[in-house]
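If you want the building blocks of each chain, they are given just below.
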Amino acid sequence: MRRREFLTVAAGGLGGVVVYSLDGKALLLGAQGKAPEKANGKSKDKVVRIPLRFFTEQEAVVVAAAAGRIFPSDESGPGAKEAGVAIYIDRQLAGPYGLDAHRYTQGPFEENAAAEFGYQGAATPREIYRAGLKELAGLKGPAGFARLSASEQDDALRKIEASNFFALLRQHTIEGMFCDPLHGGNVDMVGWQLIGYPGPRMNNAEDIDKHYGEAFRPKAIRLGEAAGHAVRGSEDEK
Amino acid sequence: MKTLPRVDVVIVGGGWSGLLMAKELGTRTALSILVLERGAAQSTESYADDMDELDYGVRLKMMQDASGETVTFRHNAGERALPIRQFANFLPGTGVGGAGEHWNGLCPRNVPDFFAVLTRTKEKYGAKWLPENHAMQDWGITYDDLEPHYTRVDRLLGLCGKAGNLRGQKMEGGNPFEGRRSEEYPNPPTKHGYYASLFRETCAGLGYHPYPMPSAGLSRTYTNPDGITRPGCVYCGYCERYGCMIGAKAQPTNTLLPVIEKKKNVAIRTGATVRRIMRAMKNGDAARVTGVSYIDGKGEEYFQPAGMVVLASWILNNTRLLLLSGIGEPYDAATGRGTLGRNLTHQVHFGAATAFFDKPMNRFMGAGAAGTMTADFDGDNFDHSGVKFLRGGVFQALNTGAHPIGEFGAVPGPVKAWWGGEWKKAAIETFDRTGRIIFSGEHLSYQGNFLDLDPVYKDRNGDALVRMTLDWHANEHAMTEFMTGKAAEIARAMNATHVNVFPGLGRYDTQRYQSTHVQGGTILGTSPENSVVNTYGQHWDAENLFVLGGSLFPSAGAANPTPTILALTYRTADALVEKYLKSGGRLE
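Protein sequence lines, in the order shown, are assigned to chains A and B.
The numbering used here puts the first residue of the first sequence at 8, with every later residue one more than the last.
The numbering used here puts the first residue of the second sequence at 38, with every later residue one more than the last.
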């Protein structure tokens, strides 16, 4: 039985991602170069506690920190931290995708296959993360990666750039930035707003051949709003 | 194995070709017809919730589940084949409607001389120009044979476009290189977004002949000859990898199924995976098939007897089922003996130029075939002196609807970072200022490119997977280099601030999506020596076995194959109704 662990999004928008452990200690993720802020009940930002499905608290801290370097929060806009990328990845790994439910997994495997054959290894996404995070975190204790400075984190990531784990982490970070919020990422549609994507807009018939050369930016909507009812993601399938 | 009540016709596969055959035979005859589809039922209503890029565009929810069955791949006979563990280079569909549910609906016809590619090439260039170890051959039917059937396809799907050659008359605004059309398109072209219109104007300025893409997504409400009414497209941008939630894009479930469902003599059984086509071997009569065996979702096996079998289970699976069933002589690349599995091709398809602009494109709007193309470098439409390849292809500029997970991250070449702040900033700036010029070209057939059964890897039922042996040859590399250069010229003329060009085909790559237009394996032809089936899809070794689909193509055209597949299906249906069902025997 795993310990119940939580990852929490500051609902106030760009407030960052907070992890709570069971003893009530709160740590604001990705606050490199600063002392961890206390995110207790006195904070103005309302926070939403989301139980982790796959990661341990320490793993989530490392994933959030690494995703925050791949897609940083900086002067060009919000990043992985605000979008809740770590929550997105946690849910994907806990669901059928994390177990390779739809990948052909019969052997024999060929771990060193040429790139044109695609990933030919035996490890599932869950296993790749578990091993990759252990390596990354192990640099300075269980969640040590998260305590490095931003440039030290970049250096550590550069060392694993060629790995399968990094390829997945980068791809999942993009997914968590820009998926429909129903999957746990792209919180408040921050990713979509960043790039002017309006979500699944059902009708563009009157606009497709207009606005030539000018930005047309309708208000973003999520799939649940467009469809008129809640839509479940594949990660929530039994 | 339980034996079920006999039907007159069993159709393996409920995609475009299988359901068109079911509709034709079901409405024109009183035969009892059973379609066996291994996937689930699908309908326009079930697509209301599918505008989710993650589950559909990325996790490929509408596609064949690779965990239960995939294909294996190797570049040549000396290499060890490995399974394609997640589909990427092509995307087979599953469920009623098959890949016809998640397609883009881009519906060009092939250029006329494509059907006689070997003869025309020898006549014009001489045999010395034929590539070494090619397996090129003529189809045995001509564009003119198919034209009436192409026209029926236009009407069935309600194609939108502009004729360029109407009964021999060149028409302004259409494709001047196309074969003679007997009728104008049933519907006018779709609307164009900014990017496609920019491409159109630029190409016209360069002296090319851009024309609107023939689209099976409707430009207006349309009622087809079967009385099926579909609405005009709303340009939501969710065609490719998605089912159309309003039915504007022609899909088997919205175009064929409503007709079939009204016919009491046609049934569709889902969750039925056909494992073998059965042959009667007693009394020396091996020239007929007797039905099929299939396994249902509960693991129960059945024998379904039938007077006739129509194999319409998608390109690669058509070959696989014949190989597993021992029908026909497997192709042996070393000796050239046998025909089953030969002439595997995959349309030469790539993003030739990625252009970055200083203006926003609003490219979230669009439709699968809302765009412009040009055939100035298709087939033999241009002067090949000075180039080192045969044939050619088309350039396309589409507004398909750009989705953020798949499209985010493309940055101009000088930005070397692929993660981190510099990359992020550049990718945000370029996300809506990007357009791609796609090249779609012919793939010649070669002796070394073929299908057979994999000796190692099995599907969920323990049956051998089909093995692809495929690589690019000098003709494709030279064509790619030339066409990439042309695309870059067009992109620069569109005032792109930067152009990233396609790096080259390299070795065949199972990780790069390059259209779902894999072709060959059960090719049609004029004799059992050079083909698996005759031009009606009738198997040379079993007269009551008919094969439909892209597996019949002796080589891959630049044109997307569905209109040609459907035209061939119509032609076969006519021959069945008018000749075969009356007198049997070999169709000539």
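Wrong hints could be hidden among the right ones.
[Unchecked claim] In silico lysine-lysine, DSSO-like type, Cα no more than 30 Å apart, as pairs:
#1 B:K462 with A:K217
#2 A:K226 with B:K335
#3 A:K166 with B:K453
#4 A:K141 with B:K199
#5 A:K217 with B:K453
#6 B:K199 with A:K226
#7 B:K396 with A:K226
#8 B:K335 with A:K217
#9 B:K98 with B:K396
#10 B:K199 with A:K166
None of these hints come from the bench; they were simulated from the model.
Status of each hint after checking the structure:
1. B:K462 with A:K217: Since the Cα atoms of K462 of chain B and K217 of chain A sit roughly 27 Å apart, the hinted pair holds (cutoff 30 Å).
2. A:K226 with B:K335: It is violated: about 47 Å lies between the C-alpha atoms, which goes past 30 Å.
3. A:K166 with B:K453: Distance of about 17 Å is within 30 Å: holds.
4. A:K141 with B:K199: Outside the cut-off at roughly 60 Å; violated.
5. A:K217 with B:K453: violated (34 Å)
6. B:K199 with A:K226: Not satisfied, since the Cα-Cα distance of roughly 35 Å exceeds 30 Å.
7. B:K396 with A:K226: Holds, at roughly 20 Å.
8. B:K335 with A:K217: Not OK: K335 of chain B and K217 of chain A at ~53 Å, beyond 30 Å, violated.
9. B:K98 with B:K396: Roughly 34 Å separates the two Cα atoms, so the pair is violated.
10. B:K199 with A:K166: This hinted pair is violated, its Cα atoms lying about 55 Å apart.
Hint violations for this structure: numbers 2, 4, 5, 6, 8, 9, 10, all remaining hints satisfied.
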